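There are 4 protein chains.
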Amino acid sequence: MLMERIHENFLKQRFMTTLGAEMVLIEEGRNRIACNVTEDLEQQHGFAHAGVLASIADSACGYAALSTMPEDAEVVSVEFKINLIRPCKASRIVAEGRVVKTGRTLVFTEGEVTDESGSETYATMTATMFCLRPEA
Amino acid sequence: MLMERIHENFLKQRFMTTLGAEMVLIEEGRNRIACNVTEDLEQQHGFAHAGVLASIADSACGYAALSTMPEDAEVVSVEFKINLIRPCKASRIVAEGRVVKTGRTLVFTEGEVTDESGSETYATMTATMFCLRPEA
Amino acid sequence: MLMERIHENFLKQRFMTTLGAEMVLIEEGRNRIACNVTEDLEQQHGFAHAGVLASIADSACGYAALSTMPEDAEVVSVEFKINLIRPCKASRIVAEGRVVKTGRTLVFTEGEVTDESGSETYATMTATMFCLRPEA
Amino acid sequence: MLMERIHENFLKQRFMTTLGAEMVLIEEGRNRIACNVTEDLEQQHGFAHAGVLASIADSACGYAALSTMPEDAEVVSVEFKINLIRPCKASRIVAEGRVVKTGRTLVFTEGEVTDESGSETYATMTATMFCLRPEA
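Residue numbers (my numbering), protein chains in the order written: chain A, 1 to 136; chain B, 1 to 136; chain C, 1 to 136; chain D, 1 to 136.
Bear in mind the hints are in silico, worked out from the structure with no lab data behind them.
Computed from a prediction, not measured in an experiment: that's the story for all the values here.
Warning: the hint list may mix true and false statements.
Note that the list lumps identical chains together, so a pair holds whenever it fits in one copy or between two copies.
[To be verified] Derived SDA-like pairs: lysine to any residue, alpha-carbon spacing no greater than 20 Å straight-line: (1) LYS101 x LEU132; (2) LYS12 x SER91; (3) LYS101 x VAL76; (4) LYS101 x ASP115; (5) LYS101 x THR114; (6) LYS101 x GLU27.
Build out the structure end to end from the sequences listed, making use of the hints.
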């Protein structure tokens with residue numbers, strides 16, 4: 001149920017399709033989104049653009065947060081900060097989002113972007129998510 | 001000269017082409033990148049994805065920084081933070097990057113994403129850029 | 001009325017007294033807190049400690065936000081990011097907080113720490129503030 | 001040797017004395033600073049001021065970074081972001097700083113402020129530190 005709800009929501013994020021991103025893990029409070037770093041996602045030095053890492057990490061954090069909210073709630077990003085630890089030359093990257101603390105209105109999350117094996121970290125993120133309720 | 005150097009560098013950012021982004025202003029310490037918010041750049045509620053705003057703002061901040069660096073230097077993002085002030089329903093958005101302080105190694109920048117008229121602000125950013133020199 | 005309410009609240013912030021800080025401007029959506037950089041506030045190189053700049057900037061942003069909230073509301077910091085532009089050797093510093101956008105629940109603010117004349121900037125901040133209401 | 005060098009440096013941070021803070025752990029890449037939350041460190045609701053949490057977390061991150069730098073290097077904070085997860089009513093708090101990646105010029109760190117038992121987290125931080133070398 002949760003998995004279906006989150007996955008259906010993800011499929012509506014047209015920008016994730018544009019990036020060629022897919023959701024590869026859905027748990028309560030944890031989410032993973034992966035994508036192949038094709039040439040279309042590169043910056044001027046042939047590395048993955050920081051915006052690509054930020055985009056999938058933001059979505060992974062958002063869905064990690066959404067998985068801890070009431071069923072009829074919507075999630076919106078308030079802010080995030082990303083640290084670009086090292087240049088990313090991986091052919092495929094995975095962003096994991098994790099809930100640090102969930103509240104009635106705000107959810108604090110953290111994210112990490114690694115290669116597929118998880119052995120190399122390219123970026124870390126902290127993001128604040130807002131819980132939009134039908135009557136709020 | 002500066003304008004050409006910056007613009008050529010921008011054209012190598014394949015991800016900017018993927019977003020349909022174009023550089024619309026190049027000055028020393030200031031840069032603007034615009035893009036149309038097509039359906040391909042939307043999140044699940046039909047707004048521009050936070051990652052799109054972050055991507056063009058990061059590039060605009062990076063090029064604002066690069067324009068204050070020596071000619072043979074390269075720019076790399078160290079970190080950025082973006083505040084998502086309000087949902088973005090604009091059909092076209094513009095990110096402006098500005099240098100706050102330029103140093104030998106680090107350049108502090110700030111960015112803002114607005115609609116085309118500049119009257120509505122969707123996001124603000126602060127970003128730290130690193131100056132990579134040939135011999136460094 | 002507003003000025004009194006904000007100033008009384010500030011006087012309850014015991015930590016501001018510890019820093020020797022005083023509120024020097026109260027407007028709707030804008031606030032200034034100043035303090036002398038005594039030796040007690042220095043780090044190991046004789047500059048003002050980054051935590052001092054962060055503390056008065058956070059309070060200035062918080063009070064700028066509070067000034068735009070309903071009278072019975074309380075303000076709480078959600079997160080802030082500070083950029084330490086240059087080492088601070090000033091004998092007296094001023095932090096200005098400004099509201100960027102005020103909402104029902106969240107207020108986006110920005111801050112700046114300068115010397116007393118405002119000609120030298122030591123730090124910039126963006127901070128998200130939460131509006132706590134009696135019945136919320 | 002490392003422990004002595006770090007601890008001596010810490011004792012020069014006059015602001016840490018002002019806060020009543022003490023360094024309670026020094027390892028390569030990891031550092032802990034603790035302090036009692038006296039009334040002098042409180043904000044208007046009787047919680048520890050966000051600036052106090054930020055100050056000791058910034059110092060813990062800085063010393064974690066310094067412990068991975070050459071002996072004659074100095075550490076300076078470039079920027080940090082702090083997330084205020086929950087109000088802090090603890091009588092004593094501990095900030096831990098950890099190195100995420102150390103480089104020639106920049107060190108990426110993360111910090112966490114908890115109660116003394118480590119069971120309650122009040123704040124998380126990410127901070128970028130700069131390595132100042134004698135001849136740089």
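Looking at the structure, which of the earlier hints fail to hold? The structure breaks none of the hints.
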